[in-house]
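Let chain A serve as the given structure and place chain B on it in line with the hints.
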Amino acid sequence: MKTLKNHIKLVFPSHSENEGLARLAVSGFLAAEGADVSVIAELKTAVSEGVTNAIVHGYRNTHGLVTLEIKLFDSGRAKILIKDKGAGIEDITKAMEPLFTTAPEEERAGLGFAIMQSFCDKLRVRSAPGKGTTLTLEKYIYKR
Amino acid sequence: MLPTINYCAERRILSVFLKGELDHHNTRPIREQTDIAVTKYRPALLVLDFSGVTFMDSSGIGLVMGRYKRMHDMGADLLIANPTPPIERLIRLASVERIVRIVYTAHSGTVKE
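Chains as they are written, first to last, in this note's numbering: chain A, 1 to 144; chain B, 1001 to 1113.
Looking at chain A on its own, in the form it has when it is part of the complex:
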């Protein structure tokens, strides 16, 4: 990974209309770096899932700030961090099971993590109940 080539950081309140803003930031940043179009589409979807999780679950019944950070390295790998200081996840393994959701009444499909895993090369989840969650998504952004 080594040298950082470019980097942005976006901090926004946990309003659901900002899900679109987060996607725009990702696609704008990656397009300017010449990323592959299908990679941009995949990362847009993965970020949409991560940011939605922060808003729907992290800040459930409350509000707070969501941080989206994109780091691009010389190697062509992008590292995307999505951070919240919300509720945190009690059982990460359970939360990552496909179709598991704590919000069925809102018609959440329980597929957020499955989609992030499938659309990224690597996904790391760090979370502590009451402290918040940090997702780290990694993906090579150019045509292979």
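No lab work stands behind these hints: they were computed from the structure.
Mixed in with the good hints, there may be bad ones.
Claimed, not checked - Under the rule of at most 16 Å between Cα atoms (straight-line distance), these lysine to aspartate or glutamate pairs were calculated in the EDC-like manner:
| # | chain 1 | residue 1 | chain 2 | residue 2 |
| --- | --- | --- | --- | --- |
| 1 | A | Lys83 | A | Glu138 |
| 2 | A | Lys5 | A | Glu69 |
| 3 | B | Lys1069 | A | Glu105 |
| 4 | A | Lys9 | A | Glu69 |
| 5 | A | Lys2 | A | Glu138 |
| 6 | B | Lys1069 | B | Glu1097 |
| 7 | B | Lys1069 | A | Glu107 |
| 8 | A | Lys71 | A | Asp121 |
| 9 | B | Lys1069 | A | Glu106 |
Predicted model, so just to flag it, every value in this text is computed and none were measured.
Chain B in isolation, oriented as in the chain A frame:
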């Protein structure tokens, strides 16, 4: 701006033309408007047309599954029409095509408002 849906009802078929970005934020009003139309027309078949959808994440899957349950409870059917390749990929990733059929119609992508 909140998204609106266009729909047409003929005999007992209700076609709903979804539009824009189907994320968590936009799905709620689309769901509510779709359900209002379903309550009004009580169709035997609901067709969700995705040709105007420019982005979708798992919120769109939730929308499809929720409508599937609702139609199933009414003894009615649901079809997914004209998804773009990335949307179809997501639908298949979620294995939704095992219970809801995907169809492509001749007017795909040429729906006028």
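Going through the hints against the structure:
1. Lys83(A) <-> Glu138(A): Given that 16 Å is the threshold and the Cα spacing comes to 15 Å, the pair holds.
2. Lys5(A) <-> Glu69(A): holds, 14 Å
3. Lys1069(B) <-> Glu105(A): OK: Lys1069(B) and Glu105(A) at ~13 Å, within 16 Å.
4. Lys9(A) <-> Glu69(A): Holds, at about 4 Å.
5. Lys2(A) <-> Glu138(A): holds, 14 Å
6. Lys1069(B) <-> Glu1097(B): Roughly 14 Å between the alpha carbons, so the hint for Lys1069(B) and Glu1097(B) holds.
7. Lys1069(B) <-> Glu107(A): Within the cut-off at roughly 11 Å; holds.
8. Lys71(A) <-> Asp121(A): This hinted pair holds, its Cα atoms lying about 15 Å apart.
9. Lys1069(B) <-> Glu106(A): holds, 14 Å
Checked against the numbered hints listed earlier, the structure breaks none of them; every hint is satisfied.
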